[in-house]
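Here the protein sequences line up with chains C and W, keeping their order.
Per my numbering, numbering through the first sequence is continuous, rising by one, with the last residue being 333.
Per my numbering, numbering through the second sequence is continuous, rising by one, with the last residue being 130.
Since the hints were made in silico from the structure, they are not lab data.
Backbone N, C-alpha and C fix where the C-beta goes; we use that ideal spot for every residue, glycine too.
It is possible that part of the hints are untrue.
[What the hints assert, rightly or not] Some chain C residues flagged as far from chain W (calculated, every beta-carbon gap over 12 Å):
| no. | residue |
| --- | --- |
| 1 | Gln187 |
| 2 | Arg195 |
| 3 | Asp198 |
| 4 | Arg212 |
| 5 | Leu225 |
| 6 | Phe240 |
| 7 | Arg288 |
[Said to hold, decoys possible] Here are a few chain C residues that sit away from chain W, every Cβ distance over 12 Å (derived from the structure):
| no. | residue |
| --- | --- |
| 8 | Ala193 |
| 9 | Lys199 |
| 10 | Gln202 |
| 11 | Gly244 |
| 12 | Arg266 |
| 13 | Leu285 |
| 14 | Val299 |
| 15 | Gly303 |
| 16 | Ser305 |
| 17 | His314 |
| 18 | Leu323 |
[To be verified] Using 27 Å as the maximum straight-line C-alpha spacing, the simulated BS3-like pairs for lysine-lysine come out as follows:
| no. | chain 1 | residue 1 | chain 2 | residue 2 |
| --- | --- | --- | --- | --- |
| 19 | W | Lys76 | C | Lys322 |
| 20 | W | Lys76 | C | Lys310 |
| 21 | C | Lys221 | C | Lys272 |
| 22 | C | Lys199 | C | Lys177 |
| 23 | C | Lys221 | W | Lys129 |
| 24 | C | Lys199 | W | Lys129 |
| 25 | C | Lys221 | C | Lys199 |
| 26 | W | Lys55 | W | Lys76 |
| 27 | C | Lys207 | W | Lys55 |
| 28 | W | Lys76 | C | Lys199 |
| 29 | C | Lys322 | C | Lys310 |
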Amino acid sequence: MTEQDKTKQHELPPDANSADTLVRDNISWMLVVAQRLLKDRALAEDAVQEAFLSAFRGLDKFEQRSSLKTWLHRITVNACLMKLRQLKRLAEQPIDEYLPEFTRYGCRIEEHWGNLASVEEILNNEQRSAQVHKMINKLPGNYRIVLLLRDIEGYNTEEVVELLGISESNVKVRLHRARAALKKLIEPILRGEIV
Amino acid sequence: MKHYGIIQIRQWLKGFMLKHMHNMITCKEFEDFVRDYVDDELPARQRSKFELHMRMCHQCRQYLQAYQRTVEVGHAVLSSTDKPVPGDVPEDLIKAILEARKR
Numbered sequence: 139m140t141e142q143d144k145t146k147q148h149e150l151p152p153d154a155n156s157a158d159t160l161v162r163d164n165i166s167w168m169l170v171v172a173q174r175l176l177k178d179r180a181l182a183e184d185a186v187q188e189a190f191l192s193a194f195r196g197l198d199k200f201e202q203r204s205s206l207k208t209w210l211h212r213i214t215v216n217a218c219l220m221k222l223r224q225l226k227r228l229a230e231q232p233i234d235e236y237l238p239e240f241t242r243y244g245c246r247i248e249e250h251w252g253n254l255a256s257v258e259e260i261l262n263n264e265q266r267s268a269q270v271h272k273m274i275n276k277l278p279g280n281y282r283i284v285l286l287l288r289d290i291e292g293y294n295t296e297e298v299v300e301l302l303g304i305s306e307s308n309v310k311v312r313l314h315r316a317r318a319a320l321k322k323l324i325e326p327i328l329r330g331e332i333v
Numbered sequence: 028m029k030h031y032g033i034i035q036i037r038q039w040l041k042g043f044m045l046k047h048m049h050n051m052i053t054c055k056e057f058e059d060f061v062r063d064y065v066d067d068e069l070p071a072r073q074r075s076k077f078e079l080h081m082r083m084c085h086q087c088r089q090y091l092q093a094y095q096r097t098v099e100v101g102h103a104v105l106s107s108t109d110k111p112v113p114g115d116v117p118e119d120l121i122k123a124i125l126e127a128r129k130r
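All chains should be modelled from the sequences, with the hints used to inform the complete structure.
So this is what it looks like as structure tokens:
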């Protein structure tokens, strides 16, 4: 048995006695993921409970091709997506008002950037960070979810296609529009107008 | 007779140049390639056209910088503010999950 196999063996808790450990070791970060996707603590708790029950049911099918955490992460995301679908929060919503604008001659309209705040400048300022968070949550649900899955949760395009059941081109277009819209929404923060 | 201001004439000239110059793409075409470029998925041929446009167009150059910064900021903010709080273990929820498992 290789070192990697030993680690995976150690990670896998199939018996009833290990259930408590499995839940305690993972519930905090699963709640964070669920709350980020669902924007609501009560819904996040429901989703995490459903995720654990799915995990217990499927534990014997866990093939150890990925780490236990990766497997649980995907189950959590799926439980959240189910909730979002039930609540119709992934329905098509317009985003056009936040997209880039062009002149009638096809040239980009972009106000001059005298200052572009660094990541650190924003992270070190609680008010700015909170505003960015708020603006991400303001994105239409069908775009926000693609941005979160790709840019935050770390899934690649193919995985997002599978999770959301939409085409690859649709994932790419939605991701670009979500980023472009977020740029417009956080422009005052990036320009340093919100101190 | 219609009169055009200097800004409109400059915009028209820029639009005309970007549309007709060899190997050049327009700002709208540039927009279509932004995500692929940022995610390093743009094929070499389109990449050189994209970069040529970027050198010529101040607005698109600045737009791209702000777009890239947005991606970095979004990731950094959510990763830093959404961390689990140590010791914040919801006992009621854990109990409910373990109870539901028995059913």
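>> Please list, smallest to largest, the hint numbers that this structure does not respect.
In response: Of the numbered hints, 1, 2, 6, 7, 8, 11, 12, 13, 17, 18, 22, 27, 28 do not hold.
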